[in-house]
Amino acid sequence: MHIEEITDDVAERLKLATTDGSSQANSSPAPTNASTNTNTKEAEAQNPIEQDGAANTAASAASAATSTTAPPVVLPELSPGRAMESNKTVDEVVADLKKSPFFMTELEENDETEAFKALAYEGTPSEVAADFKDRGNECFQARRWADAKEFYTKGILVLAAEERKRQRGEPTTPDHHEGGENENEPESDEAVARRQRAILEPLYANRAACHLELRNYRSCWLDGFAALRLNDRNVKAYYRSARALLAAGRIAEADDACASGLAVAPDNGPLRAAARDIIAASEKAAARQRAEAERVAREKRRALLLRAALKARGIRTRATAQPPEMEDAGIRLAPDPDDPRGSALTFPAVLLYPLHLQSDFVKAFAETDAVADHLAYVLPLPWDRAGEYGGPGGGAVECYAETVDGGLLKVGKKAPLLKLLASGRVEVVDEVVRLFVLPKARAEAWVREFKEKRAAERGGR
Numbered sequence: 001m002h003i004e005e006i007t008d009d010v011a012e013r014l015k016l017a018t019t020d021g022s023s024q025a026n027s028s029p030a031p032t033n034a035s036t037n038t039n040t041k042e043a044e045a046q047n048p049i050e051q052d053g054a055a056n057t058a059a060s061a062a063s064a065a066t067s068t069t070a071p072p073v074v075l076p077e078l079s080p081g082r083a084m085e086s087n088k089t090v091d092e093v094v095a096d097l098k099k100s101p102f103f104m105t106e107l108e109e110n111d112e113t114e115a116f117k118a119l120a121y122e123g124t125p126s127e128v129a130a131d132f133k134d135r136g137n138e139c140f141q142a143r144r145w146a147d148a149k150e151f152y153t154k155g156i157l158v159l160a161a162e163e164r165k166r167q168r169g170e171p172t173t174p175d176h177h178e179g180g181e182n183e184n185e186p187e188s189d190e191a192v193a194r195r196q197r198a199i200l201e202p203l204y205a206n207r208a209a210c211h212l213e214l215r216n217y218r219s220c221w222l223d224g225f226a227a228l229r230l231n232d233r234n235v236k237a238y239y240r241s242a243r244a245l246l247a248a249g250r251i252a253e254a255d256d257a258c259a260s261g262l263a264v265a266p267d268n269g270p271l272r273a274a275a276r277d278i279i280a281a282s283e284k285a286a287a288r289q290r291a292e293a294e295r296v297a298r299e300k301r302r303a304l305l306l307r308a309a310l311k312a313r314g315i316r317t318r319a320t321a322q323p324p325e326m327e328d329a330g331i332r333l334a335p336d337p338d339d340p341r342g343s344a345l346t347f348p349a350v351l352l353y354p355l356h357l358q359s360d361f362v363k364a365f366a367e368t369d370a371v372a373d374h375l376a377y378v379l380p381l382p383w384d385r386a387g388e389y390g391g392p393g394g395g396a397v398e399c400y401a402e403t404v405d406g407g408l409l410k411v412g413k414k415a416p417l418l419k420l421l422a423s424g425r426v427e428v429v430d431e432v433v434r435l436f437v438l439p440k441a442r443a444e445a446w447v448r449e450f451k452e453k454r455a456a457e458r459g460g461r
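Sequential numbering from 1 applies to the sequence shown in the UniProt record's numbering.
If you're looking for bench data, these hints aren't it; they were derived computationally from the structure. For each residue, glycine too, the CB sits at the ideal point set by N, CA and C. Accuracy of the hints is not assured; some may be wrong.
Straight-line Cα separation of at most 27 angstroms, DSS-like style, residue types lysine-lysine; simulated pairs [to be verified]:
no., residue 1, residue 2
1, K451, K419
2, K284, K311
3, K414, K451
4, K453, K311
5, K236, K154
6, K236, K311
7, K453, K440
Simulated restraints, written as ranges between beta carbons of each label pair [stated by the list, open to error]:
no., residue 1, residue 2, range
8, N137, R272, 22 to 32 angstroms
9, G169, G269, 40 to 50 angstroms
10, R313, L357, 30 to 40 angstroms
11, A247, G169, 36 to 46 angstroms
Produce the complete structure using the sequences and hints provided.
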């Protein structure tokens with residue numbers, strides 16, 4: 001707030017305004033001039049004794065003489081603070097307001113801002129950090145983990161800045177306690193550093209506890225290690241780091257932190273409990289690793305058996321750069337994938353209806369199955385309103401498979417799938433068998449059109 005002293009001129013005007021008001025209240029109803037001589041008014045104000053008749057007559061004559069002229073307009077004066085801003089633009093006024101801490105939208109490097117900062121950090125670095133630690137402890141006891149973390153962080157920032165200054169060889173903030181061992185000598189820089197580190201260590205350890213409660217595991221073990229750099233015998237820092245590492249699944253590092261803590265305090269109960277949990281987690285992790293290794297080995301063995309079975313039957317396969325998404329469908333040995341002699345090959349198959357742009361997916365088409373076996377439950381087709389594809393017997397349809405050279409091979413509906421695949425003229429692409437299903441009445445025309453397209457494609461190349 002901007003305050004200015006009232007000038008003598010402003011005070012004189014205020015005094016005259018008061019005198020005018022009292023004179024008008026005591027005058028007769030006849031109109032009088034509000035702006036009489038200033039010296040006369042001052043004399044009347046200073047001498048309230050009544051004047052004689054001559055004086056009154058002279059005053060009346062003077063009043064009559066002046067009443068013939070128009071009185072000047074007297075406007076109210078602006079307040080001193082408003083008068084200072086009367087010649088400023090709106091932007092200039094807003095800029096002045098933002099310099100006040102009550103209207104600031106961002107911090108500005110000026111004396112007022114520094115004064116407010118000083119109020120928050122009044123005292124030496126050690127005193128400020130210790131105060132933040134105490135306030136953080138109060139919040140921690142109230143289970144206000146986030147608030148406690150913020151107080152610990154503020155204390156750490158104060159003392160960590162002093163540590164960085166020492167490392168760079170820069171002068172630190174004065175933090176000496178008068179007296180020390182000798183009442184007449186201030187503390188040495190080494191003593192100040194030891195005292196500050198003694199406060200900084202629990203700040204790191206306590207903030208690690210907050211991070212552990214908040215499940216900020218990485219921040220927890222980083223703060224724990226920071227505390228251990230200041231004091232490698234801080235058992236709580238070992239414990240909290242071990243717990244955070246264990247929760248993050250870093251079992252080997254958790255075991256190392258716990259073992260280091262037990263080397264300092266072998267009988268520490270929380271550390272011993274953490275060690276038991278680490279051992280249990282290690283055993284579970286080892287079991288998972290063994291199971292995963294067995295699974296990988298089993299998958300490799302089954303893949304080898306599958307390739308051997310395909311090769312033994314003379315079935316050609318090919319993979320493309322963009323295989324279709326089939327979830328868990330694929331070529332398998334069933335019912336036992338580990339027994340190639342007692343199991344049969346099964347293939348995912350797609351029954352295509354090119355005349356109507358429809359299809360059916362068969363997840364497991366065994367090598368011993370015939371096409372008619374699957375047409376029996378696929379037909380009649382729900383979208384075949386005209387009944388072109390007939391009923392379950394499949395007598396009204398013809399089936400074809402595309403050959404390796406781009407032609408078509410007619411498939412017997414009662415022949416096993418193995419007969420088709422072992423012929424050497426058909427290949428299984430991306431582990432899927434593709435069969436075209438057409439109504440007999442329209443099959444010949446479609447086959448002719450298909451061959452013409454393939455011939456055109458080969459000619460275009």
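Please list, smallest to largest, the hint numbers that this structure does not respect. 2, 4 and 6
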